[in-house]
Amino acid sequence: MLGRPRTGLVQRQLDTSLKTLSAHFELCGYTAVSPPHLYLGETLLSLYGEDLRARAFLFPDAERGNELCLRPDFTVPVALIHGENGWDTAGAYAYQGPVFRRQQPGLGRPVEYIQAGIESFGEADTTAADILALTTLIGGLRELGLHEVEMTIGDLSVPFALLGSLEMPDRRRADLLRHFWRPSRFQDLVKRSVMPPSDSAARIELLEAVAPGAAPDWLSDRARAEGEFIGLRRLDEIQERAVSLSMAKADPPMEQSAADLIDAMLAIAGPAVQAGTQMRALTGEIGGALATAVDRFDERLEGLSKQGIDPAQIQFDASFGRNLEYYDGFVFEIRAKGQQAHPPLSGGGRYDSMTAKLGATHPVPAVGGMIRPEAVLSALT
Amino acid sequence: MTGLSLALPSKGRLQADTIAWFAGLGIEIFRDGTDREYSAQATGLDGLDVVMMSAGEVPRELAAGRVHLGVTGEDLIRERLTSRNELISILTKCGFGHADLIVAVPKVWIDVESMHDLDEVAAQFRQFHGHALRVATKYHNLVRAFFQKHGVADYRLVDSQGATEAAPKNLAAEAIADITSTGDTLRANHLKQLDDGLILESQAVLAESVTAEWSDLARSSLAVLRDRLEASGAL
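Chains as they are written, first to last, in this note's numbering: chain R, 247 to 627; chain P, 62 to 296.
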């Protein structure tokens with residue numbers, strides 16, 4: 247669905263909404279910024295990944311021999327602004343403007359729509375920053391006249407802490423963390439860890455060749471026998487991976503109970519007030535960073551409650567947030583009451599680790615979210 | 062009244078096979094003038110109008126509703142059919158023009174046999190080279206969906222409209238996804254197919270436009286054609 251011209255009342259209402267939100271965000275301590283609409287494709291999409299590339303509007307830039315990309319959201323654009331200001335500073339920004347995404351025909355989703363939102367960086371008290379981000383957005387919805395809302399939250403820091411706490415080889419942990427955002431591949435990797443698939447004859451030969459005491463030239467001879475050495479990937483990379491495959495072979499399989507625990511933790515869904523208890527029941531004596539993550543989850547709910555947000559109205563879904571690669575902590579979505587079938591009116595989350603990919607020397611605390619004012623206006627009418 | 066328009070591939074083996082296939086349904090297609098003139102007539106089915114176009118353009122013309130029917134590769138149709146409300150429907154597979162869309166990597170990658178391996182190598186590749194592993198293809202949608210299904214995390218598609226098998230040697234990509242019928246071109250270019258790297262077993266198909274306007278004549282011609290397809294066992 248292409249964007250339609252806004253005229254008359256629709257334009258006036260949207261204009262009023264945007265002014266209202268801009269004033270509200272400013273009052274809450276966020277400074278207005280205006281990121282560009284167009285980016286070098288490589289800059290944005292190396293962070294968002296090939297899947298979002300399918301949903302981004304890309305076109306060739308003949309002058310620079312490159313690809314340009316219309317921003318699909320504001321998270322990376324605003325983070326880039328903060329990076330220029332300096333990753334070691336704190337910053338809180340407000341933005342508004344159109345974003346552009348390809349949509350499947352027939353679903354009636356707009357390819358161009360307005361987002362108005364906030365991003366904050368460098369706040370060491372992450373629980374307080376999460377609460378501020380969410381309450382600022384709920385406040386924004388109220389300013390627009392929307393009082394009755396339903397919320398779904400998730401917290402990716404809990405499964406990450408779980409994967410960090412479970413006894414397993416680092417190589418396996420890294421693989422699982424890398425695929426956390428691709429649930430079916432993740433599940434496949436867990437299965438492989440419990441029951442490693444059997445090797446082909448060629449693989450057995452390869453693993454024997456890199457075992458200690460094997461002929462040193464076997465690998466290069468074997469590779470050369472396959473034909474010409476083509477492409478960027480070199481022999482030392484093949485060698486390194488062969489060695490790492492051979493070491494992984496010696497890793498003990500994952501206990502079925504550990505796999506079941508991971509499954510069960512990622513399947514928790516229901517009232518948020520019960521989620522912490524459910525997590526504790528499952529993880530029992532594990533303690534450490536995992537216990538801290540679960541405690542933080544409850545502290546955040548308590549904090550929200552003190553801000554007048556009734557935790558009983560919040561749903562928890564452990565798998566929520568696993569579809570967008572950069573979220574790695576608290577995530578949330580807000581809908582108008584009784585509109586569960588509609589796309590959310592507001593959403594956001596925490597993405598500390600992305601800042602390191604953007605150039606920060608270490609992950610900087612980062613949390614934000616946006617409101618879709620056009621969707622709010624239609625929910626109100 | 063306009064009849065039933067059929068898009069015929071404009072040249073080569075695919076055209077010859079298509080003409081022979083229609084002959085088996087009692088429809089004779091004759092090209093006008095010289096081989097260079099893209100114009101043809103048909104007898105044996107009232108109201109059938111043959112138009113010639115590049116096989117690569119047939120999906121677009123069907124989707125736009127500018128032709129009713131077309132013969133082209135299933136790969137080209139599926140690449141085009143990404144949405145849920147389909148604009149094109151496949152009437153029948155034709156039994157010729159067989160070719161597989163596959164994922165291939167350099168043969169010297171003796172540590173890579175499967176899509177699982179390719180994903181692990183993609184992670185390693187970024188560490189060594191500072192950018193995503195590149196896959197050359199013209200089938201962006203099919204390849205992206207296939208890589209997503211296999212959970213490949215960090216790769217990037219590079220557009221290649223021809224001689225795709227040369228991309229790794231030319232350092233334009235690390236892997237390719239392309240059509241192959243015998244595998245000879247793969248081998249000649251020092252590439253191998255991944256064990257589970259079969260994206261689509263393609264062949265020529267007769268496809269129907271869902272968006273085209275249908276006259277009574279076009280409808281009745283299609284009904285006759287459908288009867289003959291049924292009688293021949295194709296439907």
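Everything labelled a hint here was simulated from the structure, so no lab data went into it. It cannot be assumed that every hint is accurate.
[Claimed, not checked] As a list, the in silico DSSO-like pairs of lysine-lysine whose alpha-carbon atoms are at most 27 Å apart:
(1) 230(P) to 168(P)
(2) 230(P) to 495(R)
(3) 72(P) to 495(R)
(4) 437(R) to 230(P)
[Stated by the list, open to error] Take a look, some chain P residues computed to stay more than 10 Å from chain R by CB distance:
(5) 73
(6) 77
(7) 246
(8) 295
[Claimed, not checked] Pairwise CB distance ranges, derived in the manner of DEER restraints:
(9) 482(R) to 72(P): 42 to 48 Å
(10) 154(P) to 289(R): 39 to 45 Å
(11) 493(R) to 259(P): 28 to 34 Å
(12) 272(P) to 584(R): 33 to 39 Å
(13) 474(R) to 156(P): 32 to 38 Å
(14) 348(R) to 97(P): 38 to 44 Å
All residues carry an ideal CB built from backbone N, CA and C; glycine is no exception.
So, going through the hints one by one against the coordinates:
no.: 1; hint: 230(P) to 168(P); result: holds, 12 Å
no.: 2; hint: 230(P) to 495(R); result: violated, 32 Å
no.: 3; hint: 72(P) to 495(R); result: violated, 53 Å
no.: 4; hint: 437(R) to 230(P); result: violated, 36 Å
no.: 5; hint: 73; result: holds, 29 Å
no.: 6; hint: 77; result: holds, 34 Å
no.: 7; hint: 246; result: holds, 14 Å
no.: 8; hint: 295; result: holds, 30 Å
no.: 9; hint: 482(R) to 72(P): 42 to 48 Å; result: holds, 47 Å
no.: 10; hint: 154(P) to 289(R): 39 to 45 Å; result: holds, 44 Å
no.: 11; hint: 493(R) to 259(P): 28 to 34 Å; result: holds, 31 Å
no.: 12; hint: 272(P) to 584(R): 33 to 39 Å; result: holds, 36 Å
no.: 13; hint: 474(R) to 156(P): 32 to 38 Å; result: holds, 37 Å
no.: 14; hint: 348(R) to 97(P): 38 to 44 Å; result: holds, 39 Å
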